[in-house]
Structure formats: C-alpha cells, structure tokens
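S.K.: Make the complex out of the two chains shown on their own, each in a separate frame, by following the hints.
Taken in sequence, the protein lines are chains A and B.
Taking the working numbering, the leading residue of the first sequence gets 1, the next gets one more, and so forth.
Taking the working numbering, the leading residue of the second sequence gets 1, the next gets one more, and so forth.
No wet-lab data here; the hints were simulated from the structure.
A hint or two may mislead.
Unchecked claim - Sample of chain A residues at the chain B side, in silico, Cβ under 10 Å:
1) L29
2) I66
3) A222
Unchecked claim - Taking CB as the label site, the calculated pair distances span:
4) A165(A) with E13(B): 43 to 49 Å
5) S12(A) with E84(B): 55 to 61 Å
6) R222(B) with P59(A): 39 to 45 Å
7) V139(B) with M1(A): 57 to 63 Å
8) S28(B) with E171(A): 42 to 48 Å
9) R73(B) with S189(A): 57 to 63 Å
10) R73(B) with Q162(A): 50 to 56 Å
11) A140(B) with E50(A): 48 to 54 Å
12) E81(B) with I113(A): 56 to 62 Å
Glycine is no exception: its CB is placed at the ideal position from the N, C-alpha and C atoms.
Take a look at the letters that make up each chain.
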Amino acid sequence: MDSLQLGSYTFSSRLILGTGKFSSAAVMLEAVRASGAQLITVALRRFNREQAEDDLFGPLSAMKGITLMPNTSGASTAAEAVRAAHIARELSGSAFIKVEIHPNPQHLMPDPIETFEAARILAKEGFLVMPYITADPVLAKRLEEVGCASVMPLGSAIGSGQGVATAAMIEIIIRESGIPVIVDAGLRSPSEAAHAMEMGCGAVLVNSAVAVAGNPPEMAEAFAEAVSAGRKAFRAGLMQKSGSAIATSPLTTFLGTY
Amino acid sequence: MRPLPDWLTDDRETAALAAMLAPDSSSSLEALAAESRAITLRRFGRTMTLYAPLYLSNYCSSGCVYCGFASDRKTVRHRLEPDETDRELAAMKKLGISDVLLLTGERTAAADFDYLRQSVEIAAKTMQRVSVEAFPMSVAEYRALADCGCTGITIYQETYNRERYEALHRWGPKKDFIDRLETPARALEGGIKSVGLGVLLGLSDPVEDALSLYRHLRHLGRTYWRAGMSLSFPRMRPQTGGYEPPFAVDDHTLARMIFAFRIALPDTELVLSTRESAAYRDGMSGLGITRMSIESRTTVGGYHETENKEKGQFEIFDDRTAKEFCTALRKKNIEPVFKNWEPAYNGPSDGNTAIIHTGEPQPCH
Chain A
1 MDSLQLGSYT FSSRLILGTG KFSSAAVMLE AVRASGAQLI TVALRRFNRE QAEDDLFGPL
61 SAMKGITLMP NTSGASTAAE AVRAAHIARE LSGSAFIKVE IHPNPQHLMP DPIETFEAAR
121 ILAKEGFLVM PYITADPVLA KRLEEVGCAS VMPLGSAIGS GQGVATAAMI EIIIRESGIP
181 VIVDAGLRSP SEAAHAMEMG CGAVLVNSAV AVAGNPPEMA EAFAEAVSAG RKAFRAGLMQ
241 KSGSAIATSP LTTFLGTY
Chain B
1 MRPLPDWLTD DRETAALAAM LAPDSSSSLE ALAAESRAIT LRRFGRTMTL YAPLYLSNYC
61 SSGCVYCGFA SDRKTVRHRL EPDETDRELA AMKKLGISDV LLLTGERTAA ADFDYLRQSV
121 EIAAKTMQRV SVEAFPMSVA EYRALADCGC TGITIYQETY NRERYEALHR WGPKKDFIDR
181 LETPARALEG GIKSVGLGVL LGLSDPVEDA LSLYRHLRHL GRTYWRAGMS LSFPRMRPQT
241 GGYEPPFAVD DHTLARMIFA FRIALPDTEL VLSTRESAAY RDGMSGLGIT RMSIESRTTV
301 GGYHETENKE KGQFEIFDDR TAKEFCTALR KKNIEPVFKN WEPAYNGPSD GNTAIIHTGE
361 PQPCH
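Isolated chain B (complex conformation) (with noise of 0.2 Å):
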C-alpha cells in the first residue's frame, strides 16, 4: 500500500482553522458569521455565481457504499446520447442557465474518455463555461478536455480518512485512495484551470476531514499556482440504496464549518448545492458562500423529461425554479450571475508567452 502524502499529515497551517472548528472552540458562530460575511463582501461583491449539473450517465463502475449509482444497484442504467446530451443542453437554456457541470460515474465501457470528450466538445458549443465531475483521468486526457473548452474538474475525495475510505469504496477503481487523492493535481498538470474539491460530510469524522481537505487545497494551491480552486460542502442525502450516514453533520456544524473556510480561505470560491434547503441556501447567501448550484435534476435526462420516474443519485431539497431562486436572492440584495466567464479564456491553463496565437483558438479533434 502506498504511504499517505506528508503534506496530508503536516498540522503547521491548520492550527487556526482547527480552533474556528473544534465542537468547543471559543469562537462564538455569530461572530464567525459577521467576519466571514464581511470578508465575502469585500472580495466577492453582492453577487452569487450559478451553475446547474446535467448527469450524463449513470452507468458505474464502483460500489461506494453510499451511492445510489453504485454498480450492484438494480436501477435504470442509461447514458445521454448526442442528440438527448444537445436537448438537455437547450433546456437547460432556457432556464437561463450556461455554467453546465457535467456528470457520470466511474469510468465504463458506456461512459468512457471518448464519450465524456464528446460530450464536452458539446457543450462547449452552447454552454460559456463548461466543468466535469466524472472519473480520475489521466493528465494527457485532462489536457485534451481542456482543449475542449473544459475549464474545470469536480473530484471529492468524499473523505480523507483512509481506513474509512478503505470500508466505504467496495470495489471499482474509486478504491484507489490515492491515486483519487492524486487526481486533482493531474488535472491541473494537464491545464485545467480550476479545480474543485470536497468532502462528503456524513461518511467520516468532519473536523478532520476539513483539516486534512483545506492541507489538500494549499498543497495543490502552492504546486500550482494558476489554479482556480473551489470548495464544497454536500451533505449527505436520503440516497437511492438508503445508506444511513454515520456521522451526521448538523445545520450548527455545516454553518460554522463554512464560515470558518471563509476566513482561512478569503479568496476561495465556497460552493453549496441544492442538496440543503432553500431556506438554508437563502441564508447563507451573503455570509460565505459564492457559487449555487440551480434547477438540479439529478437523473440522466432530468431537464428534458419533466415527468422522470427514475430515481436520481440523491434527492434533492432545494426544488425552487431558477426564477424563485433568483427572487430570493434579489430580496437579500444578492445579484445572481449566470455567465461569469468567457470562453475565449478557455484553453489550457499554462502561460506561454514565447508564442502567442492571436487567431482562432486550435480546433478541437
């Protein structure tokens, strides 16, 4: 078995963050609050960038535990095929939404690279910002993804205990803990731009799994150093399968475990999902997070369909339409951002000044 990465274990910059999260730490949430709300203020604005998933395919490869994809689940296997990927996309649309993450299990024969490159190639034709949240790759096929117009990859690590890690990924290739723990740096040695990391909270202990989660974006953030870096907080969710998550992590624990990111991290993108309530989504505008997640259909297809039977990975709380969603933020005197990026910054990440092409971007193959 190969050893644990020293940075993971290294405690010199989290002492701070440590005491903003012991369960008994002297740090009141309200003052928390009030110094993440004003860090957010100052560096992100009254805004609120937006962005939806489209799953992909829920074929699967490994059985983690908690998943409602896992392979030895009996549910609908399907994947999008071009033309459905090209509807999705236009539904999608007409939400307003252009910031697509797009999602699949781990690798198979089903949803393989070429599918998944296929698929960015596109979404980059409608979409002004287009991210992944699949399978480890290699950094030769993050590269080509970038230049697909890909500019981010999404890859929990779901926790960072290893021995937990070990009992909840059965088999498939998720098992490899470090190879996954390996996988963000790949994407950015292949030129993606940004990537995003987490933490399921409820499969480990979630103070430890925060410490060791923040050491993974400061390693990955001293290595490279043009990284966009985003954090998530998912909760765990009534799943398909019905997995009871043994460390339950309070609305309390998630506030204070968010605020505290803030002020570690002032210049981090802090993202939540519509796996919380709209009503804690509505308050935690303002106070540290920067990115939501809108209008989530959580089963393959979901945006075209409007009446799918199919069970999706997890449930999700927050049900509103973009436009609810975009009224309450309005009411909390938040902007909601749609397009927040431009793809003519698409591309591989590495700067190169020796030789600059001011024509067309290269054509993707």
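So that you can see chain A by itself, here it is in the shape it has in the complex (with noise of 0.2 Å):
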C-alpha cells in the first residue's frame, strides 16, 4: 500500500487541507468531506473557545476520520510558537504541530531562524513538527537532522496562486530528504498539484485554492484527484525530458556493443 508515512501515523490520502478563508464552517466541512483529505491544519488562532459560531476546531474536531494539525500562523518568534504549540495540544490532542512563523504580516514569509528553533524544541518534546519553510535545500536537512516528521517548503507565496515557482529548489530538496516532502502555499490548480506530485513530493498543502474556489467541494475534490494521479504518474515512472531529439539512427553504433 503506497501511504504517507508521519512519525508513527500513516495516512493513504496525500492532500492535506487548509481551513481559512471559506466562507463558513459548513462548507468548509463539505470541502473537506469531498477532499478525502485526512490531514487537516487549524490555526490557533481560529480556535474559539468562547463563541461557536466562528470557531473552525470544535466542528472538525466532531469530524470522523480526520486528523488535526494545528498551525501557529500569527506567531512571528519561536518562543511564541512554542507557546501556541503548548495550547494547542493540550486543546485539540494532536501530535502535530505546523510551525508557521511569518514575522512580516504583509508577505507571510516564514523565518528560517526562528522556525529552526522552534522546530527543534518542540520535536525534542515529542512533537510531529511540520515546518512551513522557503524551499531552502540546507533548511531542510537541518529541520531533518533535529527530527522533524516532513519539511513544507512554499510553492509561492501563500494566496498568490503562482503554482509552484520554487520547483529547482524543490528537487533538490526531495533528492536529499529522509522525511517527506511537502509543497505548501501557492497552489491555485489541480495540475499543479499533480505536478508537485510527479516531482515526488510526499503530500501537498492546499488552502485558498479550494476556499475561494467557486465551488470548493467541487475543487477540492478535483485537488484529490490530481494528487493521485500525480503520485501514481510518479510510482510508474516519468519518461525523462530530453532537449533533443533521439536520433533513430545513433551516432555511435560504429564503437559496437559495450
């Protein structure tokens, strides 16, 4: 069974799925429902523990099937996603934690710096970590060696939709990893998840894709079936790219057989 392996946990679907930016819980739930996705991240900051009708955790929380992730977006130093990552796992119980730390409002770039450190606290304490990071080859061995779950290097800057804009540095950074790799922010299209998956990405984070699409159940299950197709285009083995054509009569028959 091709799964994706988490620490000890294992998941068969490789679409992970963010839960901003919908227009309500109720359909976010139904995206999520569409998408198969068992991974789901929740930002902490969205955890409202005094007023229903806008908190994202207690309606997934009820959802069957599903694991939470929750997320630190908002904190912009490690000590303060360390503090959130504290919160929320003693709320939500999960053994993931995103560590987000995007210091600049504005671009929501995450800080290397800070994520590091952040990231190798919180798995010395036994937690999951899943780094939001730049797509960084060297960031990502370190995150590795101090024993995160997976790297999430950005396709793009998260919201802008530009796909997956950092695929050199992406490459190399799935030839080297031990852990799983996956592309977070940036994706606006289905094809370009099945591109991050044929590239051999272990998952893929979508979010304001499906949030804003015009029917998010619709698109979010379009994200899942490009994922699979991605990943099984991958498994079989993509034909290699060639600047040229292969000439039917070679240039070197005259050297015999090797």
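M.R.: Listed below in structure tokens is the structure:
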C-alpha cells in the first residue's frame, strides 16, 4: 500500500487541506469531506472557545476519519510558536504541530531562523513537527536533523496562486530528503498539485485554491484526483525529458556494443 | 519648526496610486472594483475580521476644531473606573466581541498612561486581542503596553497637510504635527505588533492626503519589517460641536480610494467603521475591506447603559446589532470572524532567538 508516513501515523490520502478563508464552517467541512483528506490543518487563532459561531476547531474535532494538525500562524517568534504549540496540544490532543512563523504579516514569508529554533524545541518535546519553510535545501536538512516529521517548503507565496515557482529548489530538497517533502502554499490549480506530486513530493497542502473557488467541495475533489494521479505517475516513473530528439540512427553505432 | 521628513514628499513610489486616485483617472471605478475584489479574495478569502471600540474616557487636553471631545466643548466628562471597564467588557463579550479597541482623548491627568495601562491589563484578561487608540506615547510606554497584552496601536495623522493641520489643531499636545507623525514609529520601536494609520476624510484634499498616507505606510514597512499595518478611511460624520467638513468626500471618491489602496497594497488590512451606512458597508464587503467594527458606541460606558443620553464623539451610521450585521455578511457569502488572534502571540514583537522562554509569559507589572 502506497501511503504517507508521518511519525507513527499513516495516511492513504496525500492531500492535506487548510481551513482558513472559507465563507463558512459548513462549506469548509463539506470541502474537507469531498477532498478525502485525512490530515487537516487549523490555525490556533481560529480556535474560539467562547463563541461557537466562528470556531473552526469544534466542528472539525467532531468529524470522523481526520487527524487535526494545529498551526501557529500569527506567531512571529520561536517563543510565541512554542507557547502556541503547547496550548494547541492541550486543546486538541493532536501530536502534530505545523510550525508557521511569518513575522512580516504582509508577505507572510516564513522566518527560517525562528522556525528552526521552534522546530528544534518542539521535536525534542515529542511533537510531530511540520515546519513551513522557504524552499531552502540546507534548511530542510537541518530540520530533518533535529527530528521534524516532514518539511513543508512553499511553492510560492501564501495565497498568491503562482504555483510551484520554487520547483528547482524543491527538486533538490526531494532528492536529498529522508523525510516526506510537502509542498505548502501557492498552488492555484489541480494540475500544479499533480506536477508537485510527479516531482516526488510526499503530499501537498492546499487552502486558498479550494476556499475561494466558486465551488469549494468540487475543487477539493479535483485536487484529490490530481494528487492521486500525480503520485501514480511518480511511482510509474516518468519518461525522461530530453532537450533534443533522440536519433533513430544513433551516432555511436560504429563503437559496437559495449 | 522641525522640517518635514524626506519620505513624506518622495513621490517615486506613488505614481501608480496617484493615477488611480486622480479625479480624471482613466481607470473606471468598476474596473478598479473588479481588481480589488479579486486581490482581496485571493489574499484574505471570504472572511471579515470584526472588532469593537470601547471609549474609556472623553477627557481631552487638545482643541481639535472638528472633534466632539475637544477640551473647550461643554460636554459631560467621564472616565470608566476599573469595575466599570470590567462591566463594559462583559457586556461586549455577550455580543460576541473578543477584539477590542480601547480609546481615550489626548493625555490628561484623568486619563494618563497609568490609567491606560491598567485598562489594557483589564481588557487583556478577557479579550483575545486588545489594541489602543489614545495619545502619543514614548517608546518605553509602548513597550510597557505591549508587555501587558496590547498588540495594536491606532493613530491617525488626521491630515498630512501641515498648514491645514496647524489650523485645525488649535492647542494641546496634538498640535505638534511632527511628533504625531513620528508616533507610529515609536509604537513599533516599542514592540507593538501592528499600527493602524489613517486620515480623517473631509479635513483636507483627500487625494493629497491619501498619497501621504501611502508614503507613511511604506516608510514604516521598510523601517519596521515585522510591522502589521492597517489603514482606515474614516469620513467626517456629524460631530458633537457641529463642525462642517470643508473637503467632504462622496461615496464614489471613498470607494475609489479603497479599491486603489487594495490594488496598491494587496496584503494590508483595510478597515471600515460604523461611521459608514449599513448599505455602504454591505456593498464594500468582499470588495477590498477586510476588517470592520460592529456594535459601536462612541460614548463612555455605552455598552452597559442601554439608555445613554450622553453625546458620543460622533454619530454612528451603521447601528445594526452584531447579529443583524453578521446575517448580512453571510448573505454575501462572507464569514464574520470574531477571533483571529491568539493571546499566546502577545508581547513585544522583536524576534529574539537567543533567549527562548518556553514557560508562562512574564507577568505584567
């Protein structure tokens, strides 16, 4: 069985869904169901213990067949992310924490230094740490060394819909990584998700593309199909790309068979 | 008189915005609306973050021509005592509010820094997010507020036209144009995580003010790269005191301004308060605005007292209840978000990897 392994957890779906930006919790839940995703991320800042109306955690935790992965979106330092992780674990009971530290609230680019520090501490404390990072092959290896369950390099800026703009770096990360590489952020279309999977990503995480689609559940389903097609293609082995046509009368026949 | 800083008159970055804002702009309002809508949807999704103001005190030491709380106005002066603040906050919580903006006038003995800090401490106990719109403070004072759980400072320049500014602000600490201009930078220097900037539309030429506002925001963003930033577009409303705005901004001009700023600043929070009508706010939802106030009372102690006869700072226009407002938002396929912050992220913003405190946040002194 081809499954995604994160720590001691096994998932048959390789699509991870984010839960922000939806027009209502009901639409979000419908999209989650339609996606078949088993790992769902939710921001701690959208846990609302006092008002049920905009709370995302309550309805998700009541849903069967999914594992929640709280995220620290909103944290701007390692210390804040570590505090948030503790609160999230206490509230959700989840072993997972998606470390998101983007100190500039404008472009939301992850801070590699703070992220590394938070990941190091949290991995030591036994969390399954899923760090959101820029597509930096060295940082990815450093995070693997301190015990992260995966690395989550960005395809492009959050919510930008620019696809896998960092493909060249992500290829290096995948080639060198001993843990699943999950492309997170920037995907606009299912074909881009398929492309990421064909490259050998362990999974992709999608949020905006589904949340702001005309029909979020249908888009979630489309992403699920694309992810599974991309994975199948990767496993089947893609034909090599070539810059020129392969000559039918090879140039080196005169050398005989080697 | 201290000279204007260079960044305030630097027009290298404002050409695109100026072209969109010009009264004879070639971009149609409809085209700007469509682009603004697409950017907002992509970046912020189908959500609207909600907050409510709490007027702590209407004592004031400044003489702003246009303000209902100016120190020469004959109005009942009052401040909330700690138990009253608690009661107000409890009434707000019942309405679902967990993101509060605390307001005072300019610094007075009745509502000074210690009073404000104490109020922030009280609010941070029950509210998920606390921000402040009060008087200019020192870096050290801002740091103390950040330590107590204040994450945002709103401070409007009102107008960036210095001559108009001098004429409108007749006396008091607010008369110092440059000091006010430097206040958001002091807040960020003190570790406040986000600042809200704005001009009071109606006081001076709106396009000129809008371009200066943009320059101010970009200047701060370059200097304080961790800063969260929001922009507001308050239009003069009928005030206690009856000031008639000489540069009244109509609905179309305000709309053009909101769309143009969204296009120029795709990631910046844009705020629209209850100064605007229900129809205008509903119309603007999803088109560029990402944060709105609800259930506003502009009187001191307006939440607990249902029959308040006092006059507020200005008249609110959209007086719908939170429930009515949310129903209207949902009809537009937009989710009202009451909580979009986590107190675990409170504290000064300065990233410091060298010292990690994994324990409880330091107690507020």
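S.K.: Each of the hints needs a verdict: does it hold here or not?
M.R.: Hint-by-hint comparison with the structure:
1. L29: 13 Å, violated
2. I66: 20 Å, violated
3. A222: 18 Å, violated
4. A165(A) with E13(B): 43 to 49 Å: Roughly 25 Å apart at Cβ, these two residues miss the hinted range, so it is violated.
5. S12(A) with E84(B): 55 to 61 Å: 57 Å, holds
6. R222(B) with P59(A): 39 to 45 Å: 41 Å, holds
7. V139(B) with M1(A): 57 to 63 Å: 59 Å, holds
8. S28(B) with E171(A): 42 to 48 Å: Roughly 44 Å apart at Cβ, these two residues keep to the hinted range, so it holds.
9. R73(B) with S189(A): 57 to 63 Å: 59 Å, holds
10. R73(B) with Q162(A): 50 to 56 Å: 53 Å, holds
11. A140(B) with E50(A): 48 to 54 Å: For A140(B) and E50(A) the Cβ distance comes to about 33 Å; the hint is violated.
12. E81(B) with I113(A): 56 to 62 Å: Violated, at about 45 Å.
The structure does not agree with the numbered hints 1, 2, 3, 4, 11, 12 stated previously, though it agrees with the rest.
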